[in-house]
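Participant: All chains, full assembly: derive it from the sequences and hints.
Heads up, the final residue of the sequence shown is numbered 176 in this note's numbering, and it's a clean run with no missing numbers.
These are computed hints drawn from the structure, not numbers from a lab.
Nothing here was measured: the structure is a model prediction, and the numbers come from that model.
A hint or two may mislead.
To be verified - Across the chosen pairs, the derived CB separations fall in these ranges:
#1 Glu156 - Gln14: 30 to 40 Å
#2 Asp122 - Glu22: 20 to 30 Å
#3 Asp122 - Lys87: 23 to 33 Å
#4 Asp129 - Phe103: 12 to 22 Å
#5 Met163 - Lys87: 16 to 26 Å
#6 Phe164 - Ala43: 45 to 55 Å
#7 Glu32 - Gly159: 34 to 44 Å
#8 Asp24 - Cys154: 34 to 44 Å
#9 Leu26 - Pro102: 16 to 26 Å
#10 Asp27 - Cys154: 36 to 46 Å
C-beta atoms are modelled at their ideal positions from N, C-alpha and C, and glycine is treated no differently.
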Amino acid sequence: MQLYDDLLIECDNLDVEVNEKDDMKSKGLYADNIIWVNKLLPSIIEKYCVLTEEIGHHYTTAGDILDLTSIANRKQELRARRWAYMRLVPFSKIIQAHKLYIVNRYELADFLNVTEDFLDEALEWYKSKYGLYVSIDNFTVCFEPLGVIEMFEWLETSFNRYGT
Numbered sequence: 013m014q015l016y017d018d019l020l021i022e023c024d025n026l027d028v029e030v031n032e033k034d035d036m037k038s039k040g041l042y043a044d045n046i047i048w049v050n051k052l053l054p055s056i057i058e059k060y061c062v063l064t065e066e067i068g069h070h071y072t073t074a075g076d077i078l079d080l081t082s083i084a085n086r087k088q089e090l091r092a093r094r095w096a097y098m099r100l101v102p103f104s105k106i107i108q109a110h111k112l113y114i115v116n117r118y119e120l121a122d123f124l125n126v127t128e129d130f131l132d133e134a135l136e137w138y139k140s141k142y143g144l145y146v147s148i149d150n151f152t153v154c155f156e157p158l159g160v161i162e163m164f165e166w167l168e169t170s171f172n173r174y175g176t
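Facilitator: Rendered as structure tokens:
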């Protein structure tokens, strides 16, 4: 998948080493400018989502956060996930999908090149941050039910209220 390869190039430009390992207990891990991605993940799309989150750790995490019983560590974990959600499921792409008549979560996940689980998690996070919807320009992105509403401005011309 070209997008995964693009992320590998981005990591190279950041001087972040990426390795795939088949004996991992987790999906991915980041430490000291090295990212490990579980080689046994079932699809390249899932690896793409995991690698993006691990790049998010590169930008947003400090120190060892492996102990997720720590509130501070959980906050850093969530910060990296949010970073990945905003990168892979931006509102602009949701609106673009609407314009392309993409109508369900499966098609939207496919369009965004993310797993359905990743999409669901991103939408849940957006809902927790914005509520049931958010307005952007002439669009309203609804999270429950998922959809986009496009607003049109009514322009009055030389017609009076009776249409003459």
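Participant: Within 12 to 22 Å or not, the Cβ separation of Asp129 and Phe103?
Facilitator: Distance hint for Asp129, Phe103 holds at roughly 20 Å.
Participant: Could you see if the CB distance from Asp122 to Lys87 stays within 23 to 33 Å?
Facilitator: holds, 32 Å
Participant: Between Glu32 and Gly159, does the C-beta distance stay in 34 to 44 Å?
Facilitator: With Cβ atoms ~37 Å apart, the hint holds.
Participant: Measuring from beta carbon to beta carbon, are Glu156 and Gln14 in 30 to 40 Å?
Facilitator: holds, 33 Å
Participant: Using the Cβ atoms, figure out if Met163 sits within 16 to 26 Å of Lys87.
Facilitator: For Lys87 against Met163, whose Cβ atoms are near 36 Å apart, the range 16 to 26 Å is violated.
Participant: Lying within 20 to 30 Å: is that true of the beta-carbon distance Asp122 to Glu22?
Facilitator: holds, 22 Å
Participant: Does the Cβ distance between Asp27 and Cys154 fall inside 36 to 46 Å?
Facilitator: 41 Å Cβ-Cβ, so the 36 to 46 Å window holds.
Participant: Given a hint of 16 to 26 Å, does the C-beta separation of Leu26 and Pro102 actually sit inside it?
Facilitator: holds, 20 Å
Participant: For the range 34 to 44 Å, tell me whether the beta carbons of Asp24 and Cys154 fit it or not.
Facilitator: Hint holds: Cβ distance 39 Å, inside 34 to 44 Å.
Participant: Looking only at beta-carbon atoms, does the pair Phe164, Ala43 fall within the given range of 45 to 55 Å?
Facilitator: holds, 50 Å
The earlier numbered hint that this structure contradicts is number 5, and it is the only one.
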